[in-house]
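Chemist: Each chain, letter by letter, is given below.
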Amino acid sequence: MIDEIQKRILEEVADLHTVPEGAYNIRANSKMAARNTTANIDIISKEDGSGIDIHIKPGTKNESVHIPVVLSQSGLKEVVYNDFFIGEDADVVIVAGCGIHNCGVQDSEHDGIHRFYVGKNAKVRYVEKHYGEGDGEGKRILNPGTEVYMKENSSMEMEMVQIKGVDSTVRDTKAELAAGARLVVRERLMTHGDQHAVSNYVVELNGEGASADVVSRSVARDTSYQKFDSRIVGNAPCSGHTECDAIIMDKAKILAVPQLEANDLDSALIHEAAIGKIAGDQIIKLMTLGLTEAEAEEQIINGFLK
Amino acid sequence: MLELKNISFDVADDKGQKEIIKNLSLTIDDHKFVVITGPNGGGKSTLAKLIAGIEKPTSGSILLNGEDITETSITERAKMGISFAFQQPVRFKGIRVLDLLRIAAGKNLSVADACQYLSEVGLCARDYVKREVNASLSGGELKRIEIATVLARSTQLSVFDEPEAGIDLWSFQNLIKVFERMRKITNGSIMIISHQERILDIADEIVVIANGTISKQGPKDEILPELLGTTSAINSCDRLEKGDSQK
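Sequences listed follow chains A and B, in order.
Just so we're aligned, residue 1 is where the first sequence starts under this note's numbering, counting upward by one.
Just so we're aligned, residue 1001 is where the second sequence starts under this note's numbering, counting upward by one.
Next up, chain A with everything else stripped away, as it sits in the complex (with noise of 0.2 Å):
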């Protein structure tokens, strides 16, 4: 059912190589393809047929659930909503992931909105990748909406990725987190060619004790766009730390907008944002070590974003 372009896709999106272990849903060309499930993770269709629910008994320790989504057929154009419970007490690793490939003349789109109920105590690590590839003149769009409600000393990492191929992508994330819960996120972006990349945060701090740390590196090369938009509420006595940190190359275009909104006396919030070329002693130094200007250059780029 999973044809050769497409397992190559999600080698990129998920490392999966064959198929992975534990709970998991795979989605190509708007089907599912495979599913499994556990004692402890339960994966339902929606009955409208709008994306899948995905429940995490209590307690559940050391499992994971895979649940990638591969388009390898132009011009499909798609909105998914996945929907994940997660039970207190429970310590899973989610991977999510999306890969386009497209070499036809049609756009091809996959919107796929996550939202997370975290329960209490509960610890998650999310990890989410973006890829495209083709040669095909139509453009490969990624649109994540994801949202997050964290439960009373809960905790959440999230790890996202969009290193090559996704010509526009808007991502809308949105957490919302109650007393001692911790939100950790850490976006890697590059864009290149004419891609034009938003990402926009608004993270709520609603409990005495929750904190939130959102860190994006990113590099911007030719005449792409990127923007960074983050935005941290303290709502009650909270900690809070927002930090855009991009390399600007050639001709492209990044705006950093890190902002903070203190509502309590008690918020400690603090933001940070750089934008800057390579260092040219970066540069020669790694050239005094025997590497081209060239090979210099894909280093510190490979370094930054590692």
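Hints are computed from structural coordinates only; laboratory data are not their basis.
Bear in mind the structure is a predicted one, so any value in this text is a computation, not a measurement.
Certain hints may be false.
Unchecked claim - As a list, the in silico DSS-like pairs of lysine-lysine whose alpha-carbon atoms are at most 30 Å apart:
| no. | chain 1 | residue 1 | chain 2 | residue 2 |
| --- | --- | --- | --- | --- |
| 1 | A | 164 | B | 1107 |
| 2 | A | 277 | B | 1093 |
| 3 | A | 306 | B | 1079 |
| 4 | B | 1056 | A | 277 |
| 5 | B | 1093 | A | 123 |
| 6 | B | 1032 | A | 277 |
| 7 | A | 277 | B | 1079 |
| 8 | B | 1093 | A | 306 |
| 9 | A | 306 | A | 251 |
| 10 | B | 1049 | A | 253 |
| 11 | B | 1093 | A | 174 |
| 12 | B | 1093 | A | 227 |
| 13 | A | 164 | B | 1130 |
| 14 | B | 1049 | A | 277 |
| 15 | A | 57 | A | 151 |
| 16 | A | 129 | B | 1093 |
| 17 | B | 1049 | B | 1018 |
| 18 | A | 129 | B | 1079 |
| 19 | A | 251 | B | 1093 |
| 20 | A | 277 | B | 1130 |
| 21 | A | 46 | A | 174 |
| 22 | B | 1093 | A | 164 |
| 23 | A | 123 | B | 1130 |
| 24 | A | 306 | B | 1056 |
| 25 | B | 1079 | B | 1056 |
| 26 | A | 277 | A | 164 |
| 27 | B | 1018 | A | 306 |
Since the structure of chain A is already known, use the hints to place chain B on it.
Modeler: Showing chain B alone in chain A's frame:
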């Protein structure tokens, strides 16, 4: 063998052209430990950059093993066997100490081998090999890592630009031991720009550069006595060196 023949280097400033290096000729023989000293602003660092290819001379020629390398790039010179340790080491976000040592060695160095180089410069390897070469490292740590990258390259000529600059005296006392050891074990030649008496003291040859020219040059025993007490040969704090600062 490295030969500099009638090298001049000019830069443009407010008043027109300024000569930083004036018709300078110098030979660094194989297996020699040469220390370059002299007043600040005399052209020492510029000379090191001319050797590494970071700057190109206005006139004159540079020969390595008889081959003219004046027009070659930094990369080509690095591949021919010239290493250069910066006065102010560069920081890299995301590049780990191990990655930098691997680039320097030009091969996929094992963690054990990388640790070997770090131990040479007095860093506890286990703590450092996975760390990023970023702002979390102190000036002294960066200097040591910079030196380790030069060791990992193990080339015919290693040039160090003021290894003592920007680090505290205590850290430098330990760093001197690294150079003393390097002097014993290296196969190639070493050129160090330094004002420190203890570095001058282990030189085969001392070259004093002032106003863009060589003002003195000769064996250590001949030159060092003339320099003692001047800014070209700074003595470290005696009490610190003897370790009796507690008394």
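Chemist: Hint by hint, say whether it matches the structure.
Modeler: To see whether the hints hold, each was checked on the structure:
1. 164(A) <-> 1107(B): 27 Å, holds
2. 277(A) <-> 1093(B): 13 Å, holds
3. 306(A) <-> 1079(B): 27 Å, holds
4. 1056(B) <-> 277(A): Roughly 24 Å between the alpha carbons, so the hint for residue 1056(B) and residue 277(A) holds.
5. 1093(B) <-> 123(A): 29 Å, holds
6. 1032(B) <-> 277(A): 40 Å, violated
7. 277(A) <-> 1079(B): 27 Å, holds
8. 1093(B) <-> 306(A): Status holds; Cα separation ~10 Å.
9. 306(A) <-> 251(A): This hinted pair holds, its Cα atoms lying about 23 Å apart.
10. 1049(B) <-> 253(A): With Cα atoms ~34 Å apart, residue 1049(B) and residue 253(A) exceed 30 Å; violated.
11. 1093(B) <-> 174(A): 28 Å, holds
12. 1093(B) <-> 227(A): 21 Å, holds
13. 164(A) <-> 1130(B): 27 Å, holds
14. 1049(B) <-> 277(A): 23 Å, holds
15. 57(A) <-> 151(A): 15 Å, holds
16. 129(A) <-> 1093(B): 22 Å, holds
17. 1049(B) <-> 1018(B): Holds, at about 17 Å.
18. 129(A) <-> 1079(B): 38 Å, violated
19. 251(A) <-> 1093(B): Measuring from Cα to Cα gives roughly 22 Å; hence the hint holds.
20. 277(A) <-> 1130(B): Measuring from Cα to Cα gives roughly 25 Å; hence the hint holds.
21. 46(A) <-> 174(A): 22 Å, holds
22. 1093(B) <-> 164(A): Holds - the C-alpha atoms of residue 164(A) and residue 1093(B) are around 21 Å apart, at most 30 Å.
23. 123(A) <-> 1130(B): 26 Å, holds
24. 306(A) <-> 1056(B): 35 Å, violated
25. 1079(B) <-> 1056(B): 18 Å, holds
26. 277(A) <-> 164(A): Answer holds: residue 277(A) to residue 164(A) is near 20 Å, not above 30 Å.
27. 1018(B) <-> 306(A): Status violated; Cα separation ~44 Å.
Going down the numbered hints, you'll see the structure goes against 6, 10, 18, 24, 27, while the others check out.
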